[in-house]
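S.K.: Please construct the entire structure, taking both the sequences and the accompanying hints into account.
Sequence positions in the sequence shown follow my numbering and run 1133 to 1608.
Certain hints may be false.
[What the hints assert, rightly or not] Think about it this way: if two alpha-carbon atoms lie no more than 25 Å apart in a straight line, the pair counts; the simulated DSS-like pairs of lysine-lysine are:
id, residue 1, residue 2
1, Lys1158, Lys1344
2, Lys1298, Lys1158
3, Lys1342, Lys1332
4, Lys1410, Lys1332
5, Lys1241, Lys1367
6, Lys1241, Lys1182
7, Lys1254, Lys1182
8, Lys1372, Lys1393
9, Lys1367, Lys1541
10, Lys1410, Lys1254
Hints were generated in silico from the structure; no laboratory data involved. Owing to the predicted nature of the structure, the values given are computational and were not obtained by experimental measurement.
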Amino acid sequence: MSQSKGTVVLAYSGGLDTSCILVWLKEQGYDVIAYLANIGQNENFEEARKKALALGARKVYIEDVSREFVEEFIWPAVQANALYEDRYLLGTSLARPCIARKQVEIAQKEGAQFVSHGATGKGNDQVRFELTCYALWPQVKIIAPWRMPEFYNRFRGRSDLMDYAKKHGIPVPVTPKSPWSMDENLMHISYEAGILENPKNQAPPGLYTKTKDPATSPDTPDILEIEFRKGVPVKVTNTKDGTTHQSSLELFVYLNEIAGKHGVGRIDIVENRFIGMKSRGIYETPAGTILYHAHLDIEAFTMDREVRKIKQGLALKFSELVYNGTRLAFPKGHPFRFPSWPSAPILCVLLPSRLATRELWCYRLVTGKHLPSAARRVSVCLSPGFWYSPECDYVRHCISKSQEMVEGKVRVSALKGQVYILGRESPRSLYNQELVSMNVQGDYEPSDATGFININSLRLKEYHRLQSKVAAKQNE
1133 MSQSKGTVVL AYSGGLDTSC ILVWLKEQGY DVIAYLANIG QNENFEEARK KALALGARKV
1193 YIEDVSREFV EEFIWPAVQA NALYEDRYLL GTSLARPCIA RKQVEIAQKE GAQFVSHGAT
1253 GKGNDQVRFE LTCYALWPQV KIIAPWRMPE FYNRFRGRSD LMDYAKKHGI PVPVTPKSPW
1313 SMDENLMHIS YEAGILENPK NQAPPGLYTK TKDPATSPDT PDILEIEFRK GVPVKVTNTK
1373 DGTTHQSSLE LFVYLNEIAG KHGVGRIDIV ENRFIGMKSR GIYETPAGTI LYHAHLDIEA
1433 FTMDREVRKI KQGLALKFSE LVYNGTRLAF PKGHPFRFPS WPSAPILCVL LPSRLATREL
1493 WCYRLVTGKH LPSAARRVSV CLSPGFWYSP ECDYVRHCIS KSQEMVEGKV RVSALKGQVY
1553 ILGRESPRSL YNQELVSMNV QGDYEPSDAT GFININSLRL KEYHRLQSKV AAKQNE
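M.R.: And the structure:
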């Protein structure tokens, strides 16, 4: 019997790719430990365990990380209003560092020398998995079969994998009737590849599993009251039947159920992958969509205008970093604490300042870049693999600081695929009804607006004076 090349912990899903990879790793002489993360997907975990053992895995870990996925990864994205390229709520991007972190823990516990995954050589997931592993365990050795010529020359497509599976008695769920790949977690389900690779093709009616078709969804809405504290949802109440949830995991599961019932959270997009190519993806993100709209509303209600402008820029950067795979590291056991940093530049970024040059200087001091460029990096943190990077950690702390006053309740309606804001209230609201009322003068002197308008019109007058002068010269 040949000597083992070592122990490898494989991020195992039970699907076609990782099942074939498990058998292939055994063929190459590795001892394989299969690791399956429970992040809220609809999965028969015991069947997956039996399958991995039957295929030759020495041991199988099934780890429930769904609660930490919500509290340490989804909640920061909610605080940030994270959105990649204006539409994608980052469901897959957020899950990968959560999965990889536990994979590293298992490998270290088992004394394994290697970790492996089934991500392709063309996608973002390879970056997300591996940058997380290298950040948490610099000495780790990674086996990425889809980047190894001896693997991808043998398996040039899914048909080759299917043939290999049949030859080795590997049962797989993919059939010619559902020629696309799925990835599910508590945050969302993504669909891609197969017939979906042609961006002209409409998604088949039977594709969606997490949301009901809006056209056939209920004709009466569910009205939800969502309570936030420091930008984090802490309670949801259905005003129709009085159902209430306060636990983070139960709250999120319930929002998935209600939003999914009303067809909320479907998108069909073409996005830019980190490695440079475009890809088509279809996503269902029911709970995430409701929370995005609700948080956006309570934040606008409670946050200072200038702080919010800066925070919106940071949100873009955060989303990019998440999409690219960076982790926002939290203090253990207290994911939302903002450390006491005496650094003046950070305070200068976070607090509204009348001196724009000071704000720009602060960004340059911390990031080496001007404000708009730095702002774009927030969304980048999450997608390609920078969830654990210092810049993503910095951005997360800034966003967390901005959420200190984001507290209150938002009432939303879910109906026919849409989310409608119905009202909001907060003990920390910056909204002053007396000040804005057309019927009450309050502390505002209308005559003050004359000077304000005159000052703001100066640059417009000068700009058009110059334009008229240039035009007159051209006509001479």
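S.K.: Please go over all the hints and tell whether each is borne out by the structure.
M.R.: Results for each hint:
| no. | hint | verdict |
| --- | --- | --- |
| 1 | Lys1158 with Lys1344 | violated, 42 Å |
| 2 | Lys1298 with Lys1158 | holds, 17 Å |
| 3 | Lys1342 with Lys1332 | holds, 23 Å |
| 4 | Lys1410 with Lys1332 | holds, 14 Å |
| 5 | Lys1241 with Lys1367 | violated, 37 Å |
| 6 | Lys1241 with Lys1182 | holds, 22 Å |
| 7 | Lys1254 with Lys1182 | violated, 31 Å |
| 8 | Lys1372 with Lys1393 | holds, 15 Å |
| 9 | Lys1367 with Lys1541 | holds, 9 Å |
| 10 | Lys1410 with Lys1254 | holds, 10 Å |
In the structure shown, a violation is registered for the earlier hints numbered 1, 5 and 7, in ascending order.
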